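> Please put together the full structure from these sequences, using the hints given.
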Amino acid sequence: MILRPPETRFSPARVWAMLLRYLYILRSSWPRTLELLYWPTLQVLIWGFMSQFLRQNSSYVAQAFGVLLGAVMLWDLLFRSQLGLSISFLEEMWSRNLGNLFVAPLRAYEWVISLLAMSMIRVAIGVVPAALLAIPLYHYSIFAMGLPLIAFLILLMAMGWALGLAICGLILRHGMGAESLAWTIIFALSPISCVYYPVATLPHWLQPVAWCLPQTYVFEGMRAVLFHQTFRTDYFLSAVGLDLVYLVLGGTVFFFAFRDARHRGALMQMGE
Amino acid sequence: MSEPVILVENLVKRYPGGAVAVDGIAFTVARGVTAALLGGNGAGKTTTLGILLGLLLPSSGTVKLFGEDVLRHRYRVLPRINFSSPYADLPHRLTVRQNLSIYARLYRLKRRAERIETLARDLQIEAFLDRPAGKLSSGQKTRVALAKGLLNEPELLLLDEPTASLDPDTGDWVRSYLEAYRARTGATILLASHNMGEVERLCSEVMMMKAGIIVDRGSPSDLIGRYGRANLEEVFLDIARSPREALEPVS
Chain P
3 MILRPPETRF
13 SPARVWAMLL
23 RYLYILRSSW
33 PRTLELLYWP
43 TLQVLIWGFM
53 SQFLRQNSSY
63 VAQAFGVLLG
73 AVMLWDLLFR
83 SQLGLSISFL
93 EEMWSRNLGN
103 LFVAPLRAYE
113 WVISLLAMSM
123 IRVAIGVVPA
133 ALLAIPLYHY
143 SIFAMGLPLI
153 AFLILLMAMG
163 WALGLAICGL
173 ILRHGMGAES
183 LAWTIIFALS
193 PISCVYYPVA
203 TLPHWLQPVA
213 WCLPQTYVFE
223 GMRAVLFHQT
233 FRTDYFLSAV
243 GLDLVYLVLG
253 GTVFFFAFRD
263 ARHRGALMQM
273 GE
Chain X
1219 MSEPVILVEN
1229 LVKRYPGGAV
1239 AVDGIAFTVA
1249 RGVTAALLGG
1259 NGAGKTTTLG
1269 ILLGLLLPSS
1279 GTVKLFGEDV
1289 LRHRYRVLPR
1299 INFSSPYADL
1309 PHRLTVRQNL
1319 SIYARLYRLK
1329 RRAERIETLA
1339 RDLQIEAFLD
1349 RPAGKLSSGQ
1359 KTRVALAKGL
1369 LNEPELLLLD
1379 EPTASLDPDT
1389 GDWVRSYLEA
1399 YRARTGATIL
1409 LASHNMGEVE
1419 RLCSEVMMMK
1429 AGIIVDRGSP
1439 SDLIGRYGRA
1449 NLEEVFLDIA
1459 RSPREALEPV
1469 S
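Chains as they are written, first to last, in the working numbering: chain P, 3 to 274; chain X, 1219 to 1469.
Each hint should be verified, as a subset may be incorrect.
[What the hints assert, rightly or not] Derived contacts from chain P toward chain X, CB cut-off under 7 angstroms, selection only: (1) 26; (2) 29; (3) 99; (4) 146.
[Said to hold, decoys possible] Quick list of simulated restraints, FRET-style, between CB atoms: (5) P:177 - X:1403: 34 to 40 angstroms; (6) P:12 - X:1230: 29 to 35 angstroms; (7) X:1249 - P:35: 46 to 52 angstroms; (8) X:1278 - P:202: 55 to 61 angstroms; (9) P:12 - X:1401: 33 to 39 angstroms; (10) P:35 - X:1248: 28 to 34 angstroms; (11) P:251 - X:1398: 50 to 56 angstroms; (12) P:198 - X:1335: 53 to 59 angstroms; (13) X:1232 - P:177: 16 to 22 angstroms.
None of these hints come from the bench; they were simulated from the model. This one's a predicted model, so the numbers in the text were calculated from it and none came from an experiment. Where is the CB? At the ideal position from N, CA and C, for every residue including glycine.
Listed below in structure tokens is the structure:
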């Protein structure tokens, strides 16, 4: 076995350093922290009251009151995990700091691990309070889903990361002009992710496209749990497989763009 | 003779799109020497520094630092080098102390707080250690950037315009600090600068670049004598105003 000098090995200490940096940034601006809480809470309020109204007027929602609220929270989790990763990445762009960072012995994958960790923290700050708020307001707890909820969280977060990595790669490749992708791409997927309605609602020709997205299986799986108290293992396994494919694709786009940035000199110049 | 700290051979950088920034340069810098890359805008200085730092991949050529091929073993040399430029910002919303602390962790330094305090005292940045980096004046930012560059007490320090935006007094103070740092640690320093007075004072070797090639080199006094000029600034102007075809690359 070749013993490499410590500098050439993976370093959890460097990952922690980067994570600490993003926590400092988050802590330095209370409006940004508040914003993390703001949108998920607002969504829960809007959809919670909407669900209460529909319960009295719709047999679909009446069968499982939490179906809309659960969907809102899980969709937000997917969005926040992607955005959480992209925003931490953009912080480096906004401060024109990539040159300084990669002169230090920080590896690209150590940076990515810290971005993923920060995404989890941002999701927790944003989504957990909203989920807790629904308990006293609507007597609905998403946690009542039990173990399937953990599977859904992991599957959605993985897809959020895959998208986030691909978006960061596109920003590295195309510069800050592509910044808005961080906020927009996910919404283009929303209609075919079947968040609030079953896949069967889509036109036949569009359904195979929907089944190519792991989140579609998650939302169908969530409805199966809420309506039929059944955890669909087939959906779960399909989503795991697709998540792996998208993570590999997202990672490939990111690392290819990172290497390309070293060819173009973008690490030295990139900024607002 | 000991191995040079920097060894560059046949280095070429052609950007996608065809622009040639560096066109087959070769040079060495020995241990403990302060050397300068001089040249006008677009001469290839920053590109050369970027390649030495591993931020930029060359099209061809060899770059060795401490005998290690930078392209293959970048992570072996990065802990031994550092870089400072007033043009590479630190995150504005973090305080100076937080910024330095993060970099100290990235270099996996022991006794980080102690190292930051020492540097803060040496570089006279104590008074604003707890101020956000975005609220500093240009001169303060330059000193903080230098503190970042010295955190790991590098054996090779690369500097891009180290005294840009500084008033003459502070500029002089920074130059004295760099001289003392090199004398104390035996470090090698390579700087890119437009300040000829600074280069005359700090550097024992100068490489004059134009349009991606090294067109002349030597000590400041050699160059001044060879061109029959009064100072390095006049040499610089001579070279900058000569047509590219009249200049031959030197090796």
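> Indicate, hint by hint, whether the structure satisfies it.
Verification of the supplied hints:
1. 26: Constraint on residue 26 (chain P) satisfied, holds at 5 angstroms.
2. 29: 9 angstroms, violated
3. 99: Nearest chain X Cβ about 6 angstroms off; hint holds.
4. 146: 40 angstroms, violated
5. P:177 - X:1403: 34 to 40 angstroms: 39 angstroms, holds
6. P:12 - X:1230: 29 to 35 angstroms: Given range 29 to 35 angstroms: holds, Cβ gap about 33 angstroms.
7. X:1249 - P:35: 46 to 52 angstroms: 49 angstroms, holds
8. X:1278 - P:202: 55 to 61 angstroms: Cβ of residue 1278 (chain X) to Cβ of residue 202 (chain P): about 59 angstroms, so the range 55 to 61 angstroms holds.
9. P:12 - X:1401: 33 to 39 angstroms: Taking Cβ atoms as reference, residue 12 (chain P) and residue 1401 (chain X) lie about 37 angstroms apart, which means the hint holds.
10. P:35 - X:1248: 28 to 34 angstroms: 52 angstroms, violated
11. P:251 - X:1398: 50 to 56 angstroms: 53 angstroms, holds
12. P:198 - X:1335: 53 to 59 angstroms: Between residue 198 (chain P) and residue 1335 (chain X), where Cβ atoms are some 56 angstroms apart, the hint holds.
13. X:1232 - P:177: 16 to 22 angstroms: The hinted range 16 to 22 angstroms holds for residue 1232 (chain X) and residue 177 (chain P), with Cβ atoms some 21 angstroms apart.
Hints 2, 4, 10 from the list above are not met by this structure, while the remaining hints are.
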